[in-house]
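The residues making up each chain are set out below.
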Amino acid sequence: MSTTATSPVPGKPQQGKPQPGTPESAREKAPAISAKPVTWKVPVLLAVLGVVAFIFFGIMGPNQTAKFGISSSGDFFQLPAIEVPAFLGGIVLSVLMLGLAGYAVYLKTRNEASPGWLPIVFIVLFVAAFLIWVVGGARTPSISLAGLIAGSVTLAVPLVFGSLSGVLCERVGVVNIAIEGQLLGGAFTAAMVATLTKSPFIGLLAAAVAGAIVSMVLAVFSIKYLVNQIIVGVVLNVLVSGLTGFLFSTVMQANKAQFNSPGRLPIIDIPVLSSIPVIGPILFKQSVVGYLMYIAVIVVWIGLFKTKWGLRVRAVGEHPQAADTMGIKVNATRFWNVTLGGAVAGIGGSFFTLVAIDSFTKEISGGRGFIALAALIFGRWNPIGAFFAALLFGFADNLQSIVTIIGTPVPSQFMAMLPYLVTVLAVAGLVGRSRPPAASGIPYVKG
Amino acid sequence: MVRVLKLELRGITKRFGSLIANDHIDVVVEPGQIHCLLGENGAGKSTLMNVLYGLYEPSEGEILVDGKAVTFRGPGDAMAAGIGMVHQHFMLVPVFTVAENVALGAETTKAGGFLNLDDTRRKIKEISDKYGFDVDPDALIEDLPVGVQQRVEIIKALVRDAKVLILDEPTAVLTPQDTDELLDIMRQLKSNGTSIVFISHKLREVKAVSDTITVIRRGKVVGTADPGASTTELASMMVGRAVNLTLDKAPAKPQETTFQVKDLTVIAPTGQHVVDGISFDIARGEILAVAGVQGNGQTELTEAILGLQERCHGSILLDGEELLGHSVKEVLRAGVGFVPEDRTVDGLIGTFSIAENLVLDLYDQAPYAKGISMSPARILENAKSRIDEFDVRTPSGALAAGTLSGGNQQKVVMARELSRPLRLFIASQPTRGVDVGSIEFLHKRIVAERDQGTPVMIVSTELDEVIELADRIAVLYKGKLVGIVPAGTGRDVLGLMMAGLSPESAHADTAHPGSAHPGSASAGSAHPGSAHTPVQTSTSGAEGGDHE
Chain A
133 MSTTATSPVP
143 GKPQQGKPQP
153 GTPESAREKA
163 PAISAKPVTW
173 KVPVLLAVLG
183 VVAFIFFGIM
193 GPNQTAKFGI
203 SSSGDFFQLP
213 AIEVPAFLGG
223 IVLSVLMLGL
233 AGYAVYLKTR
243 NEASPGWLPI
253 VFIVLFVAAF
263 LIWVVGGART
273 PSISLAGLIA
283 GSVTLAVPLV
293 FGSLSGVLCE
303 RVGVVNIAIE
313 GQLLGGAFTA
323 AMVATLTKSP
333 FIGLLAAAVA
343 GAIVSMVLAV
353 FSIKYLVNQI
363 IVGVVLNVLV
373 SGLTGFLFST
383 VMQANKAQFN
393 SPGRLPIIDI
403 PVLSSIPVIG
413 PILFKQSVVG
423 YLMYIAVIVV
433 WIGLFKTKWG
443 LRVRAVGEHP
453 QAADTMGIKV
463 NATRFWNVTL
473 GGAVAGIGGS
483 FFTLVAIDSF
493 TKEISGGRGF
503 IALAALIFGR
513 WNPIGAFFAA
523 LLFGFADNLQ
533 SIVTIIGTPV
543 PSQFMAMLPY
553 LVTVLAVAGL
563 VGRSRPPAAS
573 GIPYVKG
Chain B
34 MVRVLKLELR
44 GITKRFGSLI
54 ANDHIDVVVE
64 PGQIHCLLGE
74 NGAGKSTLMN
84 VLYGLYEPSE
94 GEILVDGKAV
104 TFRGPGDAMA
114 AGIGMVHQHF
124 MLVPVFTVAE
134 NVALGAETTK
144 AGGFLNLDDT
154 RRKIKEISDK
164 YGFDVDPDAL
174 IEDLPVGVQQ
184 RVEIIKALVR
194 DAKVLILDEP
204 TAVLTPQDTD
214 ELLDIMRQLK
224 SNGTSIVFIS
234 HKLREVKAVS
244 DTITVIRRGK
254 VVGTADPGAS
264 TTELASMMVG
274 RAVNLTLDKA
284 PAKPQETTFQ
294 VKDLTVIAPT
304 GQHVVDGISF
314 DIARGEILAV
324 AGVQGNGQTE
334 LTEAILGLQE
344 RCHGSILLDG
354 EELLGHSVKE
364 VLRAGVGFVP
374 EDRTVDGLIG
384 TFSIAENLVL
394 DLYDQAPYAK
404 GISMSPARIL
414 ENAKSRIDEF
424 DVRTPSGALA
434 AGTLSGGNQQ
444 KVVMARELSR
454 PLRLFIASQP
464 TRGVDVGSIE
474 FLHKRIVAER
484 DQGTPVMIVS
494 TELDEVIELA
504 DRIAVLYKGK
514 LVGIVPAGTG
524 RDVLGLMMAG
534 LSPESAHADT
544 AHPGSAHPGS
554 ASAGSAHPGS
564 AHTPVQTSTS
574 GAEGGDHE
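Order-wise, the sequence lines are chains A and B. To get this note's numbering, take the position in the first sequence, counting from 1, and add 132. To get this note's numbering, take the position in the second sequence, counting from 1, and add 33.
No lab work stands behind these hints, which were simulated from the structure alone. Check before you lean on any hint, since a few could be wrong.
Cross-link-like lysine-lysine pairs, in silico, BS3-like; alpha carbons within 25 Å at most [unchecked claim]: (1) A:Lys438 - B:Lys235; (2) A:Lys461 - B:Lys143; (3) B:Lys282 - B:Lys253; (4) A:Lys438 - B:Lys223; (5) B:Lys223 - B:Lys158; (6) A:Lys438 - B:Lys143; (7) A:Lys578 - B:Lys253.
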């Protein structure tokens with residue numbers, strides 16, 4: 133400010149060009165003062181994790197050689213397995229991590245923010261070091277990387293659908309805590325209808341309808357009757373859980389063949405492409421639900437950010453009054469979007485009973501609706517972000533079971549905590565600040 | 034040839050339950066005119082315009098466009114009929130770009146519903162160039178200054194071919210300079226055939242641009258006035274009785290300095306320095322008015338003094354005692370009276386009775402409390418005398434405070450805060466949303482407190498209020514103290530200071546255009562954002578705008 137105060141010389145006319153002493157130039161300078169400051173959060177967190185990695189994965193690292201298989205026997209061509217001496221690998225990777233943390237600290241001292249790639253690279257290194265450490269310390273120090281990743285994708289399917297449902301609802305301004313209930317409702321209905329009609333495909337459709345119905349209840353109560361959205365969501369979860377549990381024990385268990393034998397959706401194997409190592413099974417050897425997942429992510433992303441529908445949806449979720457004054461029907465938009473979100477979650481629910489297992493059991497969704505909610509936040513309310521966040525959670529989930537199988541020194545209970553630990557770290561905002569849609573959770577009342 | 038439109042409102046009545054917000058209002062907006070709706074806060078102007086814009090349905094009456102009765106079921110219908118509105122609180126999505134905001138609701142699409150923003154960008158450029166708005170279609174709204182956001186709102190209406198533009202209290206958020214630019218834009222729009230309905234309670238602006246003035250009071254049209262009418266005439270029409278617009282105030286007799294703020298910095302949760310190294314002091318028997326556009330650190334400054342801000346550095350001394358680091362209760366007990374800027378949120382508990390609200394600060398002390406029990410009789414007794422003293426218009430102190438009008442609520446807050454012996458009195462936005470009658474009363478009380486020898490600090494975004502009350506004026510900009518100037522400093526100088534100029538350069542800047550033609554190159558070039566603004570300072574005086 134001091135420059136603006138002194139530059140115009142009193143008594144001397146200054147015409148022509150914009151002068152430094154004008155309000156406009158004062159405004160231009162303003163961001164320097166109000167610019168968002170760089171916090172210590174990221175550098176400190178990275179440094180702590182780096183030190184943890186160095187001590188556990190490096191200094192205290194196991195002495196075996198960890199072996200990671202890449203190709204499976206049926207693959208198109210074979211790639212050799214990667215073998216890493218666990219101790220050396222741990223040291224090298226953790227030193228790299230400390231280097232990155234040091235760079236973040238250095239940037240902070242110069243008051244610059246860490247670039248976006250930095251935490252991502254750090255996470256990749258950390259996960260790699262963790263894998264080497266775990267596998268290196270196991271009784272049989274060898275796992276199939278391809279199998280690990282393919283399994284992660286499989287486990288992530290319901291999470292992805294759940295978080296897409298969350299994206300669709302929150303982007304339009306309604307918090308969907310009922311994802312869990314929608315998944316469960318979808319799973320139950322898919323099993324029941326598929327058994328009755330003897331067609332898993334009709335079961336799939338029915339799952340979407342069931343999810344949509346759960347969502348409509350949420351929509352009606354939160355939009356029309358202005359009931360607190362969180363409370364309606366929680367109540368719906370309990371309601372669906374109770375209802376499906378009751379019907380399961382009274383109807384399904386009594387006559388399993390008649391009501392709870394849906395049969396699985398076939399795995400569609402695209403020839404040749406599915407034999408590409410690692411990515412083949414992920415992309416080209418999936419059930420209908422798996423393929424639908426990829427399509428849904430892309431369609432929702434394009435829809436939200438590239439179309440007229442998406443612009444209106446986002447406007448309603450950010451500033452409903454503004455949308456209303458532009459002639460957009462706020463509550464109708466909310467209602468139909470929430471319904472659509474429910475249908476998407478319902479399809480995700482069918483994965484449990486039509487793809488993973490071929491029958492319904494009580495609480496089959498097992499809290500994945502809440503993990504999906506975390507994926508939504510970690511993914512910053514963006515379909516693609518939510519997809520990758522869900523993959524990360526699926527990965528943690530799958531790693532936990534594989535690591536238990538190969539036998540590591542780490543207690544299995546601790547490994548079972550892994551997905552949730554990742555969730556907590558993620559939601560605590562490891563990768564930057566996330567900002568929800570401004571009107572999310574706030575009912576719109578005209579006037 | 035631009036199509037023009039004549040707009041008539043006939044017998045519009047709007048009821049909310051038993052409350053009549055608009056009572057048989059008739060207004061005719063002639064094509065190509067700037068028609069002002071003048072009235073106090075709460076007179077029903079905004080309700081009327083929301084009816085016109087299709088946001089509310091009228092309980093009775095009809096709207097005629099070019100002589101034909103129309104029914105608007107929503108803003109969409111109103112827009113289709115050629116009516117555009119710029120709301121007092123902008124209807125812009127902060128995380129959208131200008132183009133996305135303008136396109137919203139009237140999107141052009143390619144096949145398959147895909148957005149085509151190029152078309153919108155082109156239209157924004159056209160309008161922006163025509164009126165010298167200098168708006169970048171791809172800028173994010175949240176990055177734009179308020180004045181530019183307002184232009185985006187105007188563009189939104191113009192892109193939709195608005196023939197009548199409603200501006201609802203458009204100057205409330207602007208600096209005086211931005212306001213002058215807006216008034217020029219309004220004139221340009223008029224010369225291009227757009228009619229404007231200008232809603233305001235600021236007489237100076239109304240007189241500067243209006244062709245016709247309709248005065249509304251308590252939901253009714255009380256008459257029309259000529260823009261040439263004097264401010265006192267307009268004010269008395271607006272209020273319904275003769276008002277004294279200038280405050281009778283004896284010159285200050287400052288005594289010893291008892292309140293000092295030294296190098297105060299307040300850090301927001303985001304890490305931003307919202308108050309940045311401010312130092313000032315106030316003497317007993319003096320009013321220091323803190324001026325500035327809203328959001329430049331005033332709120333945080335007052336909250337820091339009261340102990341509501343967590344991360345503060347520096348020093349706040351009252352009679353040599355440090356206030357910083359003490360709880361709000363301790364600060365209040367030290368003799369600080371505080372009127373918060375938003376009475377409905379921080380000043381009162383709406384569902385509590387007036388009597389209870391009057392003892393919110395002393396509820397746990399004698400004579401209102403004894404041990405753990407409170408004495409309702411004493412509280413009610415206290416209420417009676419305060420209600421009389423402060424002329425609160427209410428049948429009973431037992432009524433909920435939320436039922437009072439804005440002015441009476443503010444009197445309750447003021448009555449509570451002034452009922453203790455004070456060593457410092459702080460009032461933030463003391464008369465925001467308060468009727469003119471109450472403003473007079475509240476101002477007198479503030480001056481009376483000063484004359485008793487209390488140091489008084491007023492925070493106001495209304496320049497008129499600052500000028501009226503202040504013995505000295507401190508101007509805040511982006512959390513920094515731009516300078517402290519004596520009362521009597523010109524409105525234009527204060528305006529420039531509110532935009533961040535130091536007092537010296539503000540004086541220099543206002544001196545030059547005065548010596549040459551008003552509105553010569555220097556004025557135009559001082560605002561690169563508005564190359565088409567030919568006149569900068571002509572409306573800054575109270576009588577300046579009558580040449581329309």
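Results of checking the hints against the structure:
no. : hint                : verdict
1   : A:Lys438 - B:Lys235 : violated, 43 Å
2   : A:Lys461 - B:Lys143 : holds, 22 Å
3   : B:Lys282 - B:Lys253 : violated, 34 Å
4   : A:Lys438 - B:Lys223 : violated, 37 Å
5   : B:Lys223 - B:Lys158 : holds, 20 Å
6   : A:Lys438 - B:Lys143 : holds, 11 Å
7   : A:Lys578 - B:Lys253 : holds, 24 Å
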